[in-house]
Amino acid sequence: MLDKLWLIPLIPFAGFLLNGLFGKKIGNGLVTAVALAASGLTAMVSTLAVFQYLGAYPDHGRHLDRVYNWFTAGGIGTDVAFQLDPLSIVMLMVVTWVGFLIHLYSVGYMGEEDGYGRYFAYLNLFLSAMLILVLGSSYLFIFVGWEGVGLCSYLLIGFYYDRDYAAAAGKKAFIVNRIGDFGFLIAMFLMFNYAGTVDFAGVQSMAARGQLTPTVITAICLLLFLGACGKSAQIPLYIWLPDAMAGPTPVSALIHAATMVTAGVYMLVRSNLLYRMSPSAMMVVALIGGLTALFSATIAVAQNDIKKVLAYSTVSQLGFMFIGVGVGAFTSGIFHLVTHAFFKACLFLGAGSVIHAMGGEQDMRKMGGLRKKIPTTFWTFTVATIAISGFPPFAGFFSKDEILASAFATPYFPAVGKLVWLMGTVAAFFTAFYMFRLWYLTFTGDFRGTHEQEHHLHESPWTMTFPLQVLAVLSIIGGFIGLPQMLHTPVTNLLEHWMQPVIPEIEGIGKLIEIPVGTEATVALVSTLLAALAWYLARQRYRGRGLAADLATEQSHPGLVHTLENKYYVDEGYDATVVTPLRQLSIFSWKVIDGIIDGTLGLVGYTVAAIGDLLRFFQTGNVRNYALMLFGAVVILMWVFA
Amino acid sequence: MPGIPTNYFLILSAILFTIGVCGVLTRRNGITIFMSIELMVNAVNLTFVAYARQFHSLHGLIFVFFVMAIAAAEAAVGLAIFIALYHHRDTIDVDEANLMHW
Numbered sequence: 000m001l002d003k004l005w006l007i008p009l010i011p012f013a014g015f016l017l018n019g020l021f022g023k024k025i026g027n028g029l030v031t032a033v034a035l036a037a038s039g040l041t042a043m044v045s046t047l048a049v050f051q052y053l054g055a056y057p058d059h060g061r062h063l064d065r066v067y068n069w070f071t072a073g074g075i076g077t078d079v080a081f082q083l084d085p086l087s088i089v090m091l092m093v094v095t096w097v098g099f100l101i102h103l104y105s106v107g108y109m110g111e112e113d114g115y116g117r118y119f120a121y122l123n124l125f126l127s128a129m130l131i132l133v134l135g136s137s138y139l140f141i142f143v144g145w146e147g148v149g150l151c152s153y154l155l156i157g158f159y160y161d162r163d164y165a166a167a168a169g170k171k172a173f174i175v176n177r178i179g180d181f182g183f184l185i186a187m188f189l190m191f192n193y194a195g196t197v198d199f200a201g202v203q204s205m206a207a208r209g210q211l212t213p214t215v216i217t218a219i220c221l222l223l224f225l226g227a228c229g230k231s232a233q234i235p236l237y238i239w240l241p242d243a244m245a246g247p248t249p250v251s252a253l254i255h256a257a258t259m260v261t262a263g264v265y266m267l268v269r270s271n272l273l274y275r276m277s278p279s280a281m282m283v284v285a286l287i288g289g290l291t292a293l294f295s296a297t298i299a300v301a302q303n304d305i306k307k308v309l310a311y312s313t314v315s316q317l318g319f320m321f322i323g324v325g326v327g328a329f330t331s332g333i334f335h336l337v338t339h340a341f342f343k344a345c346l347f348l349g350a351g352s353v354i355h356a357m358g359g360e361q362d363m364r365k366m367g368g369l370r371k372k373i374p375t376t377f378w379t380f381t382v383a384t385i386a387i388s389g390f391p392p393f394a395g396f397f398s399k400d401e402i403l404a405s406a407f408a409t410p411y412f413p414a415v416g417k418l419v420w421l422m423g424t425v426a427a428f429f430t431a432f433y434m435f436r437l438w439y440l441t442f443t444g445d446f447r448g449t450h451e452q453e454h455h456l457h458e459s460p461w462t463m464t465f466p467l468q469v470l471a472v473l474s475i476i477g478g479f480i481g482l483p484q485m486l487h488t489p490v491t492n493l494l495e496h497w498m499q500p501v502i503p504e505i506e507g508i509g510k511l512i513e514i515p516v517g518t519e520a521t522v523a524l525v526s527t528l529l530a531a532l533a534w535y536l537a538r539q540r541y542r543g544r545g546l547a548a549d550l551a552t553e554q555s556h557p558g559l560v561h562t563l564e565n566k567y568y569v570d571e572g573y574d575a576t577v578v579t580p581l582r583q584l585s586i587f588s589w590k591v592i593d594g595i596i597d598g599t600l601g602l603v604g605y606t607v608a609a610i611g612d613l614l615r616f617f618q619t620g621n622v623r624n625y626a627l628m629l630f631g632a633v634v635i636l637m638w639v640f641a
Numbered sequence: 000m001p002g003i004p005t006n007y008f009l010i011l012s013a014i015l016f017t018i019g020v021c022g023v024l025t026r027r028n029g030i031t032i033f034m035s036i037e038l039m040v041n042a043v044n045l046t047f048v049a050y051a052r053q054f055h056s057l058h059g060l061i062f063v064f065f066v067m068a069i070a071a072a073e074a075a076v077g078l079a080i081f082i083a084l085y086h087h088r089d090t091i092d093v094d095e096a097n098l099m100h101w
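Sequence order for the protein chains is A and B.
Numbering of the first sequence is given in numbering that gives the first Met the number 0, commencing with residue 0 and proceeding in unit increments.
Numbering of the second sequence is given in numbering that gives the first Met the number 0, commencing with residue 0 and proceeding in unit increments.
Among the hints, a few may not be true.
[What the hints assert, rightly or not] Covered stretches of chain B (in silico footprint by chain A; criterion: 3 or more residues with CB under 8 Å from a CB of chain A, positions within the stretch not fixed):
{"id": "1", "stretch": "14-24"}
{"id": "2", "stretch": "86-99"}
[Unchecked claim] Per label pair, the in silico range of CB-to-CB distance:
{"id": "3", "chain 1": "A", "residue 1": "Met637", "chain 2": "B", "residue 2": "His58", "range": "37 to 47 Å"}
{"id": "4", "chain 1": "A", "residue 1": "Gly598", "chain 2": "B", "residue 2": "Ala79", "range": "25 to 35 Å"}
{"id": "5", "chain 1": "A", "residue 1": "Val639", "chain 2": "B", "residue 2": "Pro4", "range": "57 to 67 Å"}
{"id": "6", "chain 1": "B", "residue 1": "Glu95", "chain 2": "A", "residue 2": "Gly598", "range": "18 to 28 Å"}
Quick caveat, the hints were computed from the structure, so don't treat them as lab data.
Think of the CB as a built atom: it goes at the ideal place given N, C-alpha and C, for glycine as much as any other residue.
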């Protein structure tokens, strides 16, 4: 299997071709079979490859499977090559298995929708691109996957293309991502120019041997981070992700929570050596991560659309991952990526199940009391809520606290680290609050929807509840792959040991973080207490009271509530500062610049036409006229020259 | 050089040529135009011959042969055109053959 890694992305691609070309003809049953077979098979093949890797590389080194030389020109070039190493394997397992679960879920969720074949074709294509992204061995090759997942994201956000807002959201996602991709591209140009290669190992060894100046490294790091900001929805490019909720809910779970949006984190961890050589770039990453985590967590508090809450929650959690990466705790960033993939996929799929039960309703103000109607969804959602809120011993607690403790103890920039820790901790408080707000509003109290909706309420089919249950279990136990040192369990920091080869210790480059047990315990205690406080506050406000508390706050602090509800007017701000001026520039170019150019060309044309009109007079078609002109001309010429 | 001065020939030639030009410009009958053109050609021939006589040179005479040969060829082509025109239009009035205008 190890020499056929290319099969892993190729299998879902074959599924894409089959469903994309023949989806309408072969009927929903076969579409389901093809889609599930493709995603399930690729998950199994991946797992097989991982086991073979474990056998072949006891030291967990880098396995490279070079397929062919992509291009070589002027001394630079790159291969189409896949690699397996501990980091790729973590991503591979998450992407394929969570991907498979969500394919399964989609069978139930999308069953009655039009475009069933189209949906699964896109989903398989996404899986294929994502696998190229996690398995590629050079920046340029993962860029193929990077763009591929962006394309699928666009296609799936705009899946309901007959609705204007969905089409617009798709375009927004694509355009905002282009800005990030621009950064990624420039970073690759810099690598080609200064390192002569874009291969991960090549760039790393050039950097480790000191052949890249610190300025170049910092520039590359910041530009890569710009790319990550676009893909992973960080300030200032996060605005596309909340809008991306226009797509079907399983898509939100797979692409906009569990896998694609974490690509930025993956890329940064992949480039950890460069980042460790540029503490200033790391600081930018940590600060942006902290800001994003806090900023979007506060927005989530005032959202009423169940998916919007989860979307801002995702932005916020991605911020946590970037805090981890930024403060130098690369493993904890990946750790949170994994646990987040479990509990956020579970939350989104749970929300999808709620929406399914409500007949398409997404507004929490019209829900309530769903606890007894959809019990499986309820308990899985509850587990995931506890996990994301950070209560021990659920998955989110371990990963989030590892990140916060690392921020607190970071040796790179201690003061800024404390600030980032503070932002993260406050964000964690808000996280627990908005999640329990959502939980109470959705599942407890009285039903606030219409009578028909109440009548319609039903638990989802097994294809939907089964993935929920699996993910809920993973949300409980997922954290055990990274138990902290302080617990003195037989196996601690499993993930950190596993990731060791990816984050090599090199003389003089970036110290690894050592978190004192006291710090770790304090940080964990503080955030657990804050989470408990947030839960208590949410319980006070929403338990059995429905919307009363929110309405009261809106009465007493309308400014604050409206600001949060309208997401700090960031979209409006971008509209005024970027979109409108750009549109006006375009209109100016169109009407004025293009007018001048068109006018000039038009003038030339008109002149020629006018001369032609004039000369046309002489072409009478009458032979004697021609003869007269001929003699006249001869006479004139003779008069002139003789 | 005894006999008629060259000038006389040249003046005659000019008169013949002018008559030819007037014929070409004023006549509408194709054959008449053709005859006028022949008149112009022969006026030129006369000039050649006159100069050849004056300068005792054979060049002018040779040119006259060429001109006559070409005039013959031209007459053949031209008459063929007029016959074709007559087939289509039942006339050889050149004013009727004005399809080539805009």
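For a quick check of understanding: which of the numbered hints are violated here, in increasing order? 3, 4, 5, 6
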